[in-house]
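Asker: Chain by chain, the residues:
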Amino acid sequence: MNVIKANKLAAGYQGIPILKDLDFEIPEGRITVILGKSGCGKSTLLKSLAGLLPPLSGELFFAGEKIDFLSEKSLARLYSRIGVLYQNGALLNSFNLFDNVALPLRMRYPGMQPSVVREMVLARLDLVGLGGSGNKYPSELSGGMRKRGSLARAMILDPDVIFCDEPSSGLDPITLSDLDAFMVSLRDDFAMTLVVVTHELRSIRRIADRVLVLHQDRIHFTGSLAELERNNDRFIRKFFLREG
Amino acid sequence: MDEEKRIIRLPARVTIRDVSPLYERIEAAKDMEGIVLDFAGVENIEYSGVVFLNWLRRKYPGLGFVNLKPETERLIGNRSGRTEPPVKNRDELSSRRFVERRADQVIGFRNELKRYLLFLADGIFYMGQYFKARRGVYPGEVIHQLHFMGYRSFPLVCMISFLVGTTISLTSAAQLRLFGADMLLADFVGIAMITELVPLMTAIILVGKVGASITAEISTMAVMEEIDAVRTMGVVPGKFLMVPRMIAVTIAVPLLIVIADFVGIFAGMLVARFTFKISPGAFLEEMLTAVFLRDFLIQMLKAMVFGWVVVISSGFKGFSVQRGAEEVGRATTESVVLSITMIIIIDCIFAFLFYY
Numbered sequence: 030m031n032v033i034k035a036n037k038l039a040a041g042y043q044g045i046p047i048l049k050d051l052d053f054e055i056p057e058g059r060i061t062v063i064l065g066k067s068g069c070g071k072s073t074l075l076k077s078l079a080g081l082l083p084p085l086s087g088e089l090f091f092a093g094e095k096i097d098f099l100s101e102k103s104l105a106r107l108y109s110r111i112g113v114l115y116q117n118g119a120l121l122n123s124f125n126l127f128d129n130v131a132l133p134l135r136m137r138y139p140g141m142q143p144s145v146v147r148e149m150v151l152a153r154l155d156l157v158g159l160g161g162s163g164n165k166y167p168s169e170l171s172g173g174m175r176k177r178g179s180l181a182r183a184m185i186l187d188p189d190v191i192f193c194d195e196p197s198s199g200l201d202p203i204t205l206s207d208l209d210a211f212m213v214s215l216r217d218d219f220a221m222t223l224v225v226v227t228h229e230l231r232s233i234r235r236i237a238d239r240v241l242v243l244h245q246d247r248i249h250f251t252g253s254l255a256e257l258e259r260n261n262d263r264f265i266r267k268f269f270l271r272e273g
Numbered sequence: 449m450d451e452e453k454r455i456i457r458l459p460a461r462v463t464i465r466d467v468s469p470l471y472e473r474i475e476a477a478k479d480m481e482g483i484v485l486d487f488a489g490v491e492n493i494e495y496s497g498v499v500f501l502n503w504l505r506r507k508y509p510g511l512g513f514v515n516l517k518p519e520t521e522r523l524i525g526n527r528s529g530r531t532e533p534p535v536k537n538r539d540e541l542s543s544r545r546f547v548e549r550r551a552d553q554v555i556g557f558r559n560e561l562k563r564y565l566l567f568l569a570d571g572i573f574y575m576g577q578y579f580k581a582r583r584g585v586y587p588g589e590v591i592h593q594l595h596f597m598g599y600r601s602f603p604l605v606c607m608i609s610f611l612v613g614t615t616i617s618l619t620s621a622a623q624l625r626l627f628g629a630d631m632l633l634a635d636f637v638g639i640a641m642i643t644e645l646v647p648l649m650t651a652i653i654l655v656g657k658v659g660a661s662i663t664a665e666i667s668t669m670a671v672m673e674e675i676d677a678v679r680t681m682g683v684v685p686g687k688f689l690m691v692p693r694m695i696a697v698t699i700a701v702p703l704l705i706v707i708a709d710f711v712g713i714f715a716g717m718l719v720a721r722f723t724f725k726i727s728p729g730a731f732l733e734e735m736l737t738a739v740f741l742r743d744f745l746i747q748m749l750k751a752m753v754f755g756w757v758v759v760i761s762s763g764f765k766g767f768s769v770q771r772g773a774e775e776v777g778r779a780t781t782e783s784v785v786l787s788i789t790m791i792i793i794i795d796c797i798f799a800f801l802f803y804y
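Chains as they are written, first to last, in the working numbering: chain A, 30 to 273; chain B, 449 to 804.
It is worth saying that the hints were derived from the structure and are not from the lab. From the three backbone atoms N, C-alpha and C, an ideal C-beta is built for every residue, glycine too. Among the clues, some could well be false.
[To be verified] Derived pair list, reagent style DSSO-like, types lysine-lysine, alpha-carbon separation capped at 30 Å:
1) B/Lys562 x A/Lys165
2) B/Lys562 x A/Lys102
3) A/Lys102 x B/Lys687
4) B/Lys687 x A/Lys165
[Claimed, not checked] Simulated restraints on C-beta separations:
5) B/Gly656 x A/Ser100: 51 to 57 Å
6) B/Val706 x A/Tyr42: 38 to 44 Å
7) B/Arg545 x A/Lys66: 40 to 46 Å
8) A/Asp187 x B/Val706: 48 to 54 Å
9) A/Pro56 x B/Arg545: 55 to 61 Å
10) A/Asn122 x B/Ser496: 24 to 30 Å
11) A/Gly161 x B/Leu745: 52 to 58 Å
12) A/Asp97 x B/Val554: 41 to 47 Å
13) B/Leu618 x A/Phe124: 34 to 40 Å
14) B/Arg582 x A/Ser100: 48 to 54 Å
15) B/Val499 x A/Gly68: 23 to 29 Å
16) A/Ile45 x B/Lys657: 36 to 42 Å
[What the hints assert, rightly or not] Per the computed footprint, the stretches of chain A lying under chain B, defined by three or more beta-carbons under 8 Å from a beta-carbon of chain B, are:
17) 67 to 81
18) 130 to 142
Start from the sequences and build out the full structure, keeping to the hints where you can.
Answerer: Put into structure tokens, the structure is as follows:
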């Protein structure tokens, strides 16, 4: 089953499309990687999928329901089912890590007992390997820790889909490998759907079930990782397989 | 002599330092026929040298390149022309008439005003929504903001109020002494401080200390994608960030005003005691013949409106930032200017409404 479906979607800023005529589906419980050259609109597409950027035209469906970007209720329903890992973590600087992860929980369930909140947050922090860092502020965390903290926050409400914008940027190979393994475990153990924007080839090979390649303001390829690797298209071979 | 000028010999190593002198020589000799660059002595060319020589080849197609080694030829030859950014049509720009540009500014101002009023309406709506459902604001955030706006502004407000009270009393005492109207000092200090100076000075302190901080904080959050992060948590950023500040300013301003009134009048009382030997009791008694409860209530209302204007204007400018750290500085400056302008306009409106 597909959790996200785009129909003739055009995305861009101030009326100028960066991406046009996008028709694609994101399967449930799988990791879909969006890749393409820098500036091709990967993050723009992710913003549209996450309900942050209204499409210029076309339709977007989440779990079979059309997203109405003008309706706060429709967006609230979408936000209640997604989590987003931002490129630089986007942890709130005035809150410590614990409060950052607790924020969605406290806002969504204001009556939840502090001890329950504490348990929920510490479990997520343990899961991402930040169990002892709850009282640290974002400025005291490394890039990798901020990303893992952001991932803990993204999954605190058990979303159906987690969007990850360039999780690999600025991470060393070991931290990146750990993060990839964690994303795979989210898929395998919790049946979560992940949509990951990246152009880190090693990462793509480790995590991708499906790949969506953007090129020249359109979708150039969609398919499985194996199909991508077998593909003889010139751009894909140049981009993905580093062949001239 | 002409032959010497015609042949330009390149140094052994062509670096960025050689580019400008070489260009000057070529420019000086460009009208001559058959100018050649002699590469005989060249052993090494830095990247800037390659860029320069490639550009020369395109700029002066008649320029000769002699004694080139094959690798140098390859380096210079392989560079294609760079991509020029689109050039704006200057004629078109300069031909736009003065009136047209002013019209654009008026439209820009109208749009900005519309956005400001919508932001204000949103703020009021979110406040109403919060008081109805008690949701959308982070627990403890109002206290945190109250501490920042009230407690941490308190020493500065006291100091400014004391100094302004002293200055006003001293300058007016010198005039009043000329007419033997010593007791009127109490009236003067009371009216000046309560109707005008205390709310205005408190608002100015709030602009500098609180408003600038709100804009800088919110705009930095926007640049760092924190606002987007808050939104995708299902939290309305306008409500989450503005409501605690609106509530805090509504509580903090009256408290600051009362304290500032006391401190300012106390300063006047001290001056009266030491210049005219007026006792504190007599000073207060006289002051209360000129200042009434109505003045105090108008002052409170005015100060609260000033406080809301500071928070709304600062938040508005903070949320207007979309990308780039340089926008944070610009938005902060604009928020200070906008807040002070709005405060002066509203002060004038209050004067017309209540004292005209």
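Asker: Find the hints from earlier in the document that the structure breaks and name them by number, from lowest to highest.
Answerer: Of the numbered hints, 1, 5, 6, 10, 12, 13 and 14 do not hold.
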